[in-house]
Amino acid sequence: MFLHEADAIGNTGVPVCNHSLEPVEMPRKPIKQFNVEWLQILDEGGQSDNALLPSLGPKEIQSLYEWMVLSRVFDEKALALQREGRLGTYAPVRGQEATQVGSAYALDPADWVFPAFREMGVGIVRGIPMRMLFQYWSGDERGSDVPIHQHYFPTSIPVGTHLPHAVGAAWAARYRKDPVVVAAFFGDGATSKGDFHEAMNMAGVFRLPVVFICQNNQWAISVPVQRQTATPTLAQKAIAYGIEGIQVDGNDIFAVYKSAKEAADRARSGGGPTFIECLTYRMGDHTTADDASRYRTEEMVKPWIAKDPIDRLQKFMEKQNLWTSSYGDQVRTEAERRVAEAVREFEEQPPQDPSDMFRYTYYELTPPLKEQMDELLNFLKDRDSKKD
Amino acid sequence: MPKEFRFPDVGEGIAEGELIRWLVNEGDTVAEHQPLVEIETDKAVVTLPTPYAGTVLKLQGKPGEIIPVGTVLAVIDETGAKPAAAAPPPRRDKGSVVGQLEEAPEEAQRPVPQAKPTTGRAPAPSAPMAMPAVRARAKQLGVDLSRIKGTGPGGRVQMEDLERAGGPSVPTAPVRAPAITPTGPVEEVPLRGIRRSSARHVAESASRVAAVSIFDDADVTQLEEVRQKERKVAEARGFKLTYLPFIIKATIAGLKEFPYLNASLDDARDVILIKKYYNMGIAIDTPDGLMVYVIQDADRKSILELAGQMHQLGEKAAQRKIELSELKGSTITITNFGVIGGNYGTPIINYPEVAILGLGKITDRPVVRNGQIVVRRMLPLSLTFDHRVIHGAEAARFLNSVIQRLEDPDRMLIEGK
Amino acid sequence: MARLNIVQAVNQGLQQEMERNPSVVLLGEDIGRDGGVFRVTEGLLERFGEERVIDTPLSESGIVGMSIGMAAYGLIPVAEIQFMGFLYGAMEQLISHASRIRTRSRGRYHCPMVVRTPYGAGIHAPEHHSESTEAMLVHTPGLKVVVPASPLEAKGLLISAIRDPDPVIFLEPAKIYRAIKEEVPEEEYAIPLGKARRVREGGDLTLVCWGAMLHTTLAAAEDAATEGLSAEVIDLRTLSPMDSEAILESVRKTGRVVIIHEAPRTGGLGGEIAAVIAERALDHLKAPIDRVTGFDTVVPLPKTENYYLPNKEQVLQAIHHVMEF
Numbered sequence: 029m030f031l032h033e034a035d036a037i038g039n040t041g042v043p044v045c046n047h048s049l050e051p052v053e054m055p056r057k058p059i060k061q062f063n064v065e066w067l068q069i070l071d072e073g074g075q076s077d078n079a080l081l082p083s084l085g086p087k088e089i090q091s092l093y094e095w096m097v098l099s100r101v102f103d104e105k106a107l108a109l110q111r112e113g114r115l116g117t118y119a120p121v122r123g124q125e126a127t128q129v130g131s132a133y134a135l136d137p138a139d140w141v142f143p144a145f146r147e148m149g150v151g152i153v154r155g156i157p158m159r160m161l162f163q164y165w166s167g168d169e170r171g172s173d174v175p176i177h178q179h180y181f182p183t184s185i186p187v188g189t190h191l192p193h194a195v196g197a198a199w200a201a202r203y204r205k206d207p208v209v210v211a212a213f214f215g216d217g218a219t220s221k222g223d224f225h226e227a228m229n230m231a232g233v234f235r236l237p238v239v240f241i242c243q244n245n246q247w248a249i250s251v252p253v254q255r256q257t258a259t260p261t262l263a264q265k266a267i268a269y270g271i272e273g274i275q276v277d278g279n280d281i282f283a284v285y286k287s288a289k290e291a292a293d294r295a296r297s298g299g300g301p302t303f304i305e306c307l308t309y310r311m312g313d314h315t316t317a318d319d320a321s322r323y324r325t326e327e328m329v330k331p332w333i334a335k336d337p338i339d340r341l342q343k344f345m346e347k348q349n350l351w352t353s354s355y356g357d358q359v360r361t362e363a364e365r366r367v368a369e370a371v372r373e374f375e376e377q378p379p380q381d382p383s384d385m386f387r388y389t390y391y392e393l394t395p396p397l398k399e400q401m402d403e404l405l406n407f408l409k410d411r412d413s414k415k416d
Numbered sequence: 052m053p054k055e056f057r058f059p060d061v062g063e064g065i066a067e068g069e070l071i072r073w074l075v076n077e078g079d080t081v082a083e084h085q086p087l088v089e090i091e092t093d094k095a096v097v098t099l100p101t102p103y104a105g106t107v108l109k110l111q112g113k114p115g116e117i118i119p120v121g122t123v124l125a126v127i128d129e130t131g132a133k134p135a136a137a138a139p140p141p142r143r144d145k146g147s148v149v150g151q152l153e154e155a156p157e158e159a160q161r162p163v164p165q166a167k168p169t170t171g172r173a174p175a176p177s178a179p180m181a182m183p184a185v186r187a188r189a190k191q192l193g194v195d196l197s198r199i200k201g202t203g204p205g206g207r208v209q210m211e212d213l214e215r216a217g218g219p220s221v222p223t224a225p226v227r228a229p230a231i232t233p234t235g236p237v238e239e240v241p242l243r244g245i246r247r248s249s250a251r252h253v254a255e256s257a258s259r260v261a262a263v264s265i266f267d268d269a270d271v272t273q274l275e276e277v278r279q280k281e282r283k284v285a286e287a288r289g290f291k292l293t294y295l296p297f298i299i300k301a302t303i304a305g306l307k308e309f310p311y312l313n314a315s316l317d318d319a320r321d322v323i324l325i326k327k328y329y330n331m332g333i334a335i336d337t338p339d340g341l342m343v344y345v346i347q348d349a350d351r352k353s354i355l356e357l358a359g360q361m362h363q364l365g366e367k368a369a370q371r372k373i374e375l376s377e378l379k380g381s382t383i384t385i386t387n388f389g390v391i392g393g394n395y396g397t398p399i400i401n402y403p404e405v406a407i408l409g410l411g412k413i414t415d416r417p418v419v420r421n422g423q424i425v426v427r428r429m430l431p432l433s434l435t436f437d438h439r440v441i442h443g444a445e446a447a448r449f450l451n452s453v454i455q456r457l458e459d460p461d462r463m464l465i466e467g468k
Numbered sequence: 020m021a022r023l024n025i026v027q028a029v030n031q032g033l034q035q036e037m038e039r040n041p042s043v044v045l046l047g048e049d050i051g052r053d054g055g056v057f058r059v060t061e062g063l064l065e066r067f068g069e070e071r072v073i074d075t076p077l078s079e080s081g082i083v084g085m086s087i088g089m090a091a092y093g094l095i096p097v098a099e100i101q102f103m104g105f106l107y108g109a110m111e112q113l114i115s116h117a118s119r120i121r122t123r124s125r126g127r128y129h130c131p132m133v134v135r136t137p138y139g140a141g142i143h144a145p146e147h148h149s150e151s152t153e154a155m156l157v158h159t160p161g162l163k164v165v166v167p168a169s170p171l172e173a174k175g176l177l178i179s180a181i182r183d184p185d186p187v188i189f190l191e192p193a194k195i196y197r198a199i200k201e202e203v204p205e206e207e208y209a210i211p212l213g214k215a216r217r218v219r220e221g222g223d224l225t226l227v228c229w230g231a232m233l234h235t236t237l238a239a240a241e242d243a244a245t246e247g248l249s250a251e252v253i254d255l256r257t258l259s260p261m262d263s264e265a266i267l268e269s270v271r272k273t274g275r276v277v278i279i280h281e282a283p284r285t286g287g288l289g290g291e292i293a294a295v296i297a298e299r300a301l302d303h304l305k306a307p308i309d310r311v312t313g314f315d316t317v318v319p320l321p322k323t324e325n326y327y328l329p330n331k332e333q334v335l336q337a338i339h340h341v342m343e344f
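Chains as they are written, first to last, in this note's numbering: chain A, 29 to 416; chain P, 52 to 468; chain U, 20 to 344.
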């Protein structure tokens, strides 16, 4: 076709639809295609796809089982203590043991964990003294006084806000040439927060050694995950940030372990971040002060009883002769003993010093804080002396 | 060992409950977390689990009883018994997602406070306004603020108002003075008018000036002769010819020689103002009190003119017709207490002048002249001067020069302008 | 008339305003199906439907930002932020936009929205659930900040807030959500914003407070009365715009004042109130202005929360202090 010369303002005079010329094809075509992968290795019946099984020896599998039982017993105890007024508001983890234990087990001791507030299983596996977990949930700040060498950042309650922290720590680790991975834990609700977007985006842009572990337990208090997002999976959100993503059966300890291990290895070798969506279910209430029967029915919860992560592994282990009922009892008893001991330790803790609230506000007590601390201590001394 | 199980604080401000039924019996072995008792609160029936495993020694409370939170419900002999699986407690909406909220009791409780009429001290009808510093000072001085008229905006009491406490229009409690407690009957005379301003004036002088007095005598025998000889001239003009006009002239002559006695000290600038004009202040006693009228430019007036003006001003003062302008501006003052009596005194300087000449009673006195005792008319003189400005020798010389002229009137004739 | 607590009074207020004006919509986390974590919006989803009672994704910035857009378009959104501690994610929306839309558009657009949030300590909750940072909001020009101290107040102030053409932050003191019940009129009524109320009349000193602290203050005032001291108690109700005249009138009468707030001392509204008093009523003061406040620390967790919150004894101590002068 020939074109007129463009006039002074760029009009060519060529009509929009020129039927006398040959047809040109510019079909709309996809420029990128993505897949979202699902991983399941162990099903409800305890059957496994042996090709996918991670390389874990019998002792390690038993270890995984024992950690999950310990996590479950801790959780049950915490609920009981709360009902008796010995613990404050508590967020139970029942049903999410595989998600937590499986991923934590895949990390190196030197790796860092940035938890939200429903990661007791992760904490236990990482070696946080259970006594401290009880302290935290009883409203005692000393429960957050986790030794730094455990690389476990304090509990962060405002949803999703700790994700940029994980990203920053990952940056610093790489800057320092520490071969560590930063694992950030959060739920499905967190994916609706702005900080999630910002953290995922920066991790992707800077190719940081972060593993984003999303415990999709399908509930954010009363809001189901279908209300949290219009996407059928959360894992696909990774695509938007240019990072690896995968959806795994969160009640399948092997799938969780394997995907977490792969992600950690990838991160450690400079391959960048991974987003793991662990599809699981929050079997209990949001917290001990919540009543889930207000917004979900027994029918919704029931199918997940059959998907219980501990039962599933037990079935697998039975097949492998790694589990007997006496072994099971033993594990349970030992778990109960350890938890009871932690309760004892917890309840024997001396009361906090009132001056505690002032000591950690700044590196050094500022003059106004020193004044206020003295004010409080004098007030208390006065009040106590009047009582005598 | 026996452990007490008390009705726990189950949250939401539950303060008590009704015991519905026991789920165990005394003597039973219980596991940790085993349901023990059902209690009905105002929200729902609560099942309380035992925190201790062991044997139930005692159960306290009967069905139907109201049990307050904290009361011992059971005593359990704790053993290391293996806990059985606890039955899950019934769910109950706590109306929260975290924490514990206090719940209002259903029955009518303490009424929500309404604005009640004042039950305490009635507020002052118009509480005085004053800055904190003024209040503090008032307290220090023992002054009742509500009795002081404030001159600040909106009637605010200012620091000056405090210092002026006892100001002209408002009767107030005395400032600074210690309480005077007479031990016998008294008559109270309010300090008013000239007496009051006079009192304050002398107080001010006394507090500011370094007053020193020197005394001497002038032999006015000759001066007396002149006065007697010329008095008719004055009387023809309607006034008397007293010693005073002569003394004024002699004083002025002395001032011209010793100008520092005709001065004022400006404290603020540390400057002595030597006046080049001579206004003679004459202190007189009036029915209302002591006044000082002023003869302006006394150095330019003749003795006769001085006598005339003195008469005029004296009359006006006596009749209370004297004007303010006639009471101001003196550069030195003469006070003639001698008309009443007395020889010497320590007159108080008419501040801000620096000298005052006091005249005692002229009397015949024996004096020694050329080794002989003779009788002469003697005028006692008292000069108080401000030692800040004038030193003693200077003052003495000034007095000498005044006396010279008084003792030798002809000298005033040949000098006088 | 029924005896209602704050939760019920707010619920009633919301319901009545929604009935009165179809433009009023509610949005927030867990407010529909769950009726709100404190049950403040109980029954409203059933009554008004999903289009007017919206369970949102977990996104405070989104909730407040969306409210701004809704308001600009003509709706009257009443957003719930689950706890004041979670409001901070939405601060950019509040400070950079909600407070300024009217200014920016020179009055063409405005933001008649309400953000309701439980605030304050005293419910033995985990971290972030006890915040009292109203000073940050009062410091933002363009926002109004309201704090009811009782059920009757809550309904009337909420109705005014919803009808107010400016963005209003409605802080609900969680500590007393259910601790007080009082007679609340069935019919709709509005308590004006910007006006404080005198809860207790007295002549010896003035106590200024708001929210849950009102009750601590009243308790102290009662104790002081047994000592012969007559305390006047002012409940501010609206923190921005503050009713300075009410405070000044009382201070001019009594000459002594104590301000009580649970928020941290430095930068707390006690300082602002003290400045206003010093500027305009210094002549009347007989004693220094005293404050009883929370400390300049993070609010402690439940085990030591009581050391932080101002208590009746501390208020009494301050009362004695100002009476010494």
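No wet-lab data here; the hints were simulated from the structure.
Idealized CB from N, CA, C, for every residue including glycine.
Be aware that one or more of the hints could be misleading.
FRET-style restraints, in silico, Cβ to Cβ [to be verified]: (1) A/SER297 / U/GLY290: 26 to 36 Å; (2) A/ASP381 / U/HIS158: 50 to 60 Å; (3) A/GLU326 / P/ARG57: 56 to 66 Å; (4) U/GLY290 / A/SER321: 25 to 35 Å; (5) U/ARG125 / A/GLU326: 23 to 33 Å; (6) A/ALA368 / U/SER115: 28 to 38 Å; (7) A/SER297 / U/HIS158: 26 to 36 Å; (8) P/PRO156 / U/GLY290: 54 to 64 Å; (9) A/ARG411 / U/HIS158: 27 to 37 Å; (10) U/LYS305 / P/PRO156: 48 to 58 Å; (11) P/GLU255 / U/HIS158: 38 to 48 Å; (12) A/ALA334 / U/ARG127: 57 to 67 Å; (13) U/HIS158 / P/PRO156: 52 to 62 Å; (14) A/GLN377 / U/ARG216: 38 to 48 Å.
Each hint tested on the structure:
1. A hinted range of 26 to 36 Å for the beta carbons of A/SER297 and U/GLY290 is inconsistent with their spacing of about 55 Å.
2. Range check, A/ASP381 to U/HIS158: Cβ separation about 33 Å, and the 50 to 60 Å hint is violated.
3. Separated by about 34 Å at the C-beta atoms, A/GLU326 and P/ARG57 break the suggested range of 56 to 66 Å.
4. At about 47 Å, the CB distance of U/GLY290 to A/SER321 disagrees with the hint of 25 to 35 Å.
5. Take U/ARG125 and A/GLU326: their Cβ atoms lie about 57 Å apart, and the range 23 to 33 Å is violated.
6. Between A/ALA368 and U/SER115 the beta carbon distance is about 53 Å. The supplied range of 28 to 38 Å is therefore violated.
7. Look at A/SER297 against U/HIS158: about 49 Å separates their beta carbons, and that is not inside 26 to 36 Å.
8. Between P/PRO156 and U/GLY290, the C-beta spacing of about 38 Å breaks the proposed range 54 to 64 Å.
9. Against the hinted window of 27 to 37 Å, the Cβ-Cβ separation of A/ARG411 and U/HIS158 comes to about 34 Å, which satisfies the hint.
10. For U/LYS305 and P/PRO156, the hinted distance range of 48 to 58 Å is not satisfied, since their beta carbons lie about 41 Å from each other.
11. Remark: the range hint 38 to 48 Å for P/GLU255 to U/HIS158 is contradicted by a beta-carbon distance near 56 Å.
12. Remark: the range hint 57 to 67 Å for A/ALA334 to U/ARG127 is upheld by a beta-carbon distance near 59 Å.
13. A hinted range of 52 to 62 Å is violated for the C-beta pair U/HIS158 and P/PRO156, which are about 39 Å apart.
14. In this structure, A/GLN377 and U/ARG216 meet the distance hint of 38 to 48 Å, their C-beta atoms being roughly 45 Å apart.
Checked against the numbered hints above, the structure breaks hints 1, 2, 3, 4, 5, 6, 7, 8, 10, 11, 13 and satisfies the rest.
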